[in-house]
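This is what each chain is made of:
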Amino acid sequence: MHNHSIFQHLRYLSPLLIPFFFFFAGGILLAVLQSIGIGLPFPYEGGVLDSYKELLTPYMLRSFLLSIKVGAFAALFSVALGTILAIGLWRMPALLQQAGVIYKIPLILPHLAVGFIVFFFWAKSGLISSAMFHAGITGSPQDFPSILFGSDGWGMIIAYTYKQIPFALLMSYASLKRLDMCLLETAYMLGATRWKAFCAVTYPHIRSVVHSTFCILFLFGFGAFEIPFLLGGSSPAMLSIEAYNLYFRKELYHRPQAMAILIGIFVFSVTFLTLYLRAVTPKRPEEMHD
Amino acid sequence: MTNIRLRHHALFLFFVLFFAGPTAILVISLFAPGWTWPNILPRQLSTKALMSVLQHSNSILLHLGVSVLYSLTTTFCTLILCLLPAYYFARARFTGQNIIQGILLTPALIPAMTFSMGIHHVFIRLSLADTFFGVVLILTIFSYPFMLRALISGFEAYSDQYELCAKNLGASLWMRLRYVTFPLLLPSIIAGGSVVFLVAFSDYYLVFLIGGGVVPSFTGYLFPFITGADRAMASALTLIFLVVPIVLFVLVELSVRRFYKRTGLY
Numbered sequence: 001m002h003n004h005s006i007f008q009h010l011r012y013l014s015p016l017l018i019p020f021f022f023f024f025a026g027g028i029l030l031a032v033l034q035s036i037g038i039g040l041p042f043p044y045e046g047g048v049l050d051s052y053k054e055l056l057t058p059y060m061l062r063s064f065l066l067s068i069k070v071g072a073f074a075a076l077f078s079v080a081l082g083t084i085l086a087i088g089l090w091r092m093p094a095l096l097q098q099a100g101v102i103y104k105i106p107l108i109l110p111h112l113a114v115g116f117i118v119f120f121f122w123a124k125s126g127l128i129s130s131a132m133f134h135a136g137i138t139g140s141p142q143d144f145p146s147i148l149f150g151s152d153g154w155g156m157i158i159a160y161t162y163k164q165i166p167f168a169l170l171m172s173y174a175s176l177k178r179l180d181m182c183l184l185e186t187a188y189m190l191g192a193t194r195w196k197a198f199c200a201v202t203y204p205h206i207r208s209v210v211h212s213t214f215c216i217l218f219l220f221g222f223g224a225f226e227i228p229f230l231l232g233g234s235s236p237a238m239l240s241i242e243a244y245n246l247y248f249r250k251e252l253y254h255r256p257q258a259m260a261i262l263i264g265i266f267v268f269s270v271t272f273l274t275l276y277l278r279a280v281t282p283k284r285p286e287e288m289h290d
Numbered sequence: 001m002t003n004i005r006l007r008h009h010a011l012f013l014f015f016v017l018f019f020a021g022p023t024a025i026l027v028i029s030l031f032a033p034g035w036t037w038p039n040i041l042p043r044q045l046s047t048k049a050l051m052s053v054l055q056h057s058n059s060i061l062l063h064l065g066v067s068v069l070y071s072l073t074t075t076f077c078t079l080i081l082c083l084l085p086a087y088y089f090a091r092a093r094f095t096g097q098n099i100i101q102g103i104l105l106t107p108a109l110i111p112a113m114t115f116s117m118g119i120h121h122v123f124i125r126l127s128l129a130d131t132f133f134g135v136v137l138i139l140t141i142f143s144y145p146f147m148l149r150a151l152i153s154g155f156e157a158y159s160d161q162y163e164l165c166a167k168n169l170g171a172s173l174w175m176r177l178r179y180v181t182f183p184l185l186l187p188s189i190i191a192g193g194s195v196v197f198l199v200a201f202s203d204y205y206l207v208f209l210i211g212g213g214v215v216p217s218f219t220g221y222l223f224p225f226i227t228g229a230d231r232a233m234a235s236a237l238t239l240i241f242l243v244v245p246i247v248l249f250v251l252v253e254l255s256v257r258r259f260y261k262r263t264g265l266y
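Respectively, the protein sequence lines represent chains A and B.
The UniProt record's numbering applies: residue 1 is where the first sequence begins, and numbers increase by one.
The UniProt record's numbering applies: residue 1 is where the second sequence begins, and numbers increase by one.
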């Protein structure tokens with residue numbers, strides 16, 4: 001395939017470009033319009049940027065910071081644990097490696113189910129609370145710290161971490177499969193410690209996969225709906241829940257604000273992706289003209 | 001040497017406990033309706049929840065069936081949409097290629113709420129809201145990047161010389177697709193398709209928003225049970241959730257093996 005014209009690009013890519021522009025870009029555009037008061041199902045009387053101004057409150061800032069905290073901690077824990085487990089799995093004998101596919105179970109479980117499992121274990125009347133009662137640490141369910149439904153988000157972090165570890169494991173493991181074990185053995189023979197060998201051989205190999213996994217998981221935890229809906233607190237709630245409440249649970253005239261939150265999530269996500277990927281991409285001269 | 005073996009086995013035990021343990025506890029919980037604080041193990045076992053599932057089997061099957069149907073339709077739609085663009089991305093080289101590819105992958109990275117709620121209003125106007133087709137459409141937009149990524153790697157994994165060779169030997173377009181492209185691409189189709197199916201099947205929010213409760217979905221059916229008091233029933237339904245994709249994946253694996261055997265490829 002040579003001699004590419006813009007029409008040829010369009011011809012081949014149109015099956016995706018058309019739905020992308022109509023529904024994805026269109027959806028974002030409609031949200032922008034509704035956030036500034038255009039195309040709403042009721043007469044709008046406020047100013048163009050009113051809905052954005054109304055969001056500039058300490059409460060919304062706390063909601064924003066909570067979303068970042070939950071997304072970042074969950075992604076960090078999942079990537080770290082997933083990578084460690086992937087290295088462990090990669091070094092196992094072949095038979096155990098094959099049986100190791102059970103790690104995919106939480107990957108198949110939907111978020112709702114993971115939320116339920118976390119609830120089962122970590123609720124005030126859950127299994128861990130029961131175990132602590134028998135160990136004599138707590139006397140009643142009320143003594144168990146409220147990990148779920150709190151405004152510090154740890155219930156959500158636990159749920160996301162459990163759900164996402166298999167994904168991080170899968171990604172790192174697939175990358176490790178392409179790494180020659182002899183390189184590590186050579187490093188050990190040359191006197192490298194475990195940590196040194198990891199830093200000099202393993203990590204550079206899986207680096208880009210680890211970073212893109214972190215990106216995907218962080219943005220998912222930052223903006224997803226199900227887990228916060230099940231396990232999150234309410235003041236402040238995650239941004240997605242705040243948008244949901246403004247859209248569905250309040251008066252119609254709150255809709256521009258709901259849309260403004262969504263645009264905030266969108267702008268933050270795109271900015272994060274661009275800056276993060278630019279920061280971690282190594283600059284190689286031979287790829288400059290790609 | 002035994003030390004290393006011991007470590008491998010210890011790690012494997014951790015894998016079993018950590019990844020399969022909680023799900024195994026759901027199986028116990030299924031048979032223990034009255035299992036509450038402070039019992040670490042259930043006091044008595046019963047099949048009450050199982051009976052309850054059987055009693056409601058009609059509505060469970062309905063919700064499950066529709067969920068499977070829209071997930072499979074979504075998988076099929078993403079495949080159709082992504083084939084040609086994936087082929088082009090893998091074979092052609094043009095300026096701005098990486099940027100366009102990156103932009104086309106964003107719907108899976110950006111939280112799905114952002115575009116779906118803006119468009120909800122239009123879906124209502126176009127009478128797409130509360131319909132099966134609307135649900136498939138919104139799920140397709142959200143999940144096609146997984147298929148696109150898998151297909152691009154699939155096309156990149158083999159050289160275009162195969163197709164060229166078949167063409168030189170006089171194979172028609174259909175024959176080339178049927179006997180060259182499809183068998184070589186099948187593993188990627190399955191990899192991408194499994195992810196798309198799982199994403200669509202386990203989604204709650206988009207189906208809730210666009211389906212509006214009119215389109216039955218298993219996630220929508222499950223939700224009140226999860227937040228409710230009957231943990232045994234919630235465990236039972238959660239386990240059903242796990243079983244369906246596994247059965248489906250096994251069926252796909254078996255039929256793929258049969259396909260390869262019949263065509264004598266492997």
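Simulated from the structure, these hints should not be mistaken for laboratory data.
Treat the hints with care, since some could be wrong.
As the list claims (entries may be wrong) - Some residues of chain B that are not near chain A, with every Cβ distance over 10 Å (derived):
(1) HIS9
(2) PHE19
(3) PRO22
(4) PHE31
(5) LEU45
(6) SER59
(7) VAL68
(8) LEU83
(9) ALA157
(10) ASN168
(11) SER172
(12) LEU173
(13) ASP203
(14) ARG231
(15) LYS261
(16) GLY264
Unchecked claim - With the Cβ distance kept under 10 Å, some of the chain B side facing chain A (calculated, not the full set):
(17) LEU11
(18) GLY96
(19) VAL122
(20) ILE124
(21) ALA166
(22) PRO187
(23) TYR205
(24) GLY213
Keep in mind the model is a prediction, meaning the values are calculated, not measured.
The beta-carbon is built from N, C-alpha and C at its ideal position, and this holds for glycine as well.
Hint check:
{"no.": "1", "hint": "HIS9", "result": "8 Å, violated"}
{"no.": "2", "hint": "PHE19", "result": "5 Å, violated"}
{"no.": "3", "hint": "PRO22", "result": "5 Å, violated"}
{"no.": "4", "hint": "PHE31", "result": "15 Å, holds"}
{"no.": "5", "hint": "LEU45", "result": "17 Å, holds"}
{"no.": "6", "hint": "SER59", "result": "18 Å, holds"}
{"no.": "7", "hint": "VAL68", "result": "13 Å, holds"}
{"no.": "8", "hint": "LEU83", "result": "8 Å, violated"}
{"no.": "9", "hint": "ALA157", "result": "13 Å, holds"}
{"no.": "10", "hint": "ASN168", "result": "17 Å, holds"}
{"no.": "11", "hint": "SER172", "result": "20 Å, holds"}
{"no.": "12", "hint": "LEU173", "result": "15 Å, holds"}
{"no.": "13", "hint": "ASP203", "result": "8 Å, violated"}
{"no.": "14", "hint": "ARG231", "result": "7 Å, violated"}
{"no.": "15", "hint": "LYS261", "result": "21 Å, holds"}
{"no.": "16", "hint": "GLY264", "result": "26 Å, holds"}
{"no.": "17", "hint": "LEU11", "result": "5 Å, holds"}
{"no.": "18", "hint": "GLY96", "result": "9 Å, holds"}
{"no.": "19", "hint": "VAL122", "result": "6 Å, holds"}
{"no.": "20", "hint": "ILE124", "result": "9 Å, holds"}
{"no.": "21", "hint": "ALA166", "result": "17 Å, violated"}
{"no.": "22", "hint": "PRO187", "result": "13 Å, violated"}
{"no.": "23", "hint": "TYR205", "result": "4 Å, holds"}
{"no.": "24", "hint": "GLY213", "result": "12 Å, violated"}
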